[in-house]
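Kindly generate the complete structure, drawing on both the sequences and the hints.
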Amino acid sequence: MSTLLKCENVSLGYEGSVVTKGLNFTVESGDYLFILGENGSGKSTLIKALLGLKPQLSGEINFVGEVKKNEIGYLPQQTMVQRDFPASVKEIVQSGCVNRCGIRPFYNKEEKKLAKDMMERLEITHLANRCYRELSGGQQQRVLLARALCAARKMILLDEPVTGLDPKASNEMYELIDSLNKKDNITVIMVSHDMNAAVKYAEHILHIGGKQKFFGTKEDYLSSKIGKAFLSVMGGEDDD
Amino acid sequence: MTEKIDKLMEYLQFPAVRYAIIVGLLISLCSSLLGVTLVMKRFSFIGDGLSHVAFGAMAIATVLNVTDNMLIIMPVTVVSAVLLLRTGQNTRIKGDAAVAMISVGALALGYLLMNLAPKNGRTSANLSADVCSTLFGSTSILTLSQKDVITCVVMSAIVVAVFFFFYTKIFAVTFDESFAKATGIRSDLYNLLIAVVIAVIIVFAMNFVGSLLISALIIFPALSAMRVFKSFRSVIVCSVIISLFCASMGLLLAILEGTPVGSTIVAADIAVFFIFSIISMVARRGEK
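These protein sequence lines are chains G and D, in that order. Using the working numbering, the first residue of the first sequence is number 1, and each one after it goes up by one. Using the working numbering, the first residue of the second sequence is number 1, and each one after it goes up by one.
Because the hints were derived from the structure by calculation, they are not lab data. Just so you know, not all the hints are guaranteed correct.
[As the list claims (entries may be wrong)] Partner residues are not named here, just some residues of chain G that face chain D (Cβ under 10 Å, in silico):
{"hint": "1", "residue": "G73"}
{"hint": "2", "residue": "L144"}
{"hint": "3", "residue": "R147"}
Beta carbons are placed, not taken as given, at the ideal position from N, Cα and C, and that holds for glycine.
Set out below in structure tokens:
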């Protein structure tokens, strides 16, 4: 296993007001990292910093080896605009390749094939010509995941990927992500407050809230004080 | 019927009429291309705001007695477009409020300036006619010179070329700005590009349909096409076709019946919108 991402003493925030500080963690190749935290704990700011959309206040975020900046496949939270967007599934998945084009105006054969392969991998080939706005929530998430995989094959960052999905679709989504992690050896960073899923799937857990509260393996987290406290609050709500 | 055709043929003998048709079709083509992007990015009103800014700029140009209005109108409109997009991201004044503010502000100041300027031998009577024709488009479309037509052809060629060259990027930025940014697409740059192109189209379209009706030319074809078609590309192709069709119909009717050009074209666009809405309703019923 090699290290892909290293964060050293990172502070995040807006114009002087610190949202979260003292972040120290690493992501290994093939890792499955859950980033947990309550609303307002700085999760989304951390995502922006990892994606290079927003500079950190201090500290260093370094990509090592295989993954470069702008090479994380990103699955953002859905916006209102997207829900009624007139575009076919194929067009959306292909748009994941747009960063490969450079100044070339259209996709080449290789990129089209990549998009096709990804649609097959995520079992949405039969939807290729369907309109995005007519799909179910779970199908839409698969489309966006396929697009993310077109953009980067090594590491994906998922921002609350099951928001708004029914329990069955959420489960399928988690299983799919898990199989991408295990079978295709894709490094997964998932931002969530779904404790149950973290217990089931995570390898490492980063818990933030104003500062770094915990970073380590899932097993250590579950036996730690903060982990137990969080589990009793968050996990109790929707036991399965 | 034959009378009508004869009449039309007779009119087509005049170069001015031919110029008007060429310019009209080109402007409809350009304005329909970016319609979907503007509607989806919630920028529908930017066209409206900018056209009022262009109106205000024209008033300033008139008062200053500048020979070539474009020298003032174009830069002012482009700058406003850029500023409006910026405020859209800023939180102090929300995007829609900023557009509304700039739009009515420019309109009011423009009219005020035109009233205050007693120059050019204007009487108040033809001032209001003047204002009316800038707002709703006018016969000035029939006074285009060959130079105007060439400028318009070049401008349209550039707009179409830009659109094709950046098609995939425009799609990515329209569909999902944060994803595009995360994968290294400079979405701010493309937003800027979209704003500038829109500003240019609006300034050129002002002579054609008038500054109040430009938005209609931009958003109606897109909205109609979005009712029925399901992929981005087919929506764009369809809205271009709708726009060209409505512009031709509007122009023909306007020439034959002497109705105002701009309003006739917009009326045609509205009619098509209703037809497409009905089609989509029927299609949905059929699916169920």
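Hint check results:
{"no.": "1", "hint": "G73", "in the structure": "holds, 8 Å"}
{"no.": "2", "hint": "L144", "in the structure": "holds, 8 Å"}
{"no.": "3", "hint": "R147", "in the structure": "holds, 7 Å"}
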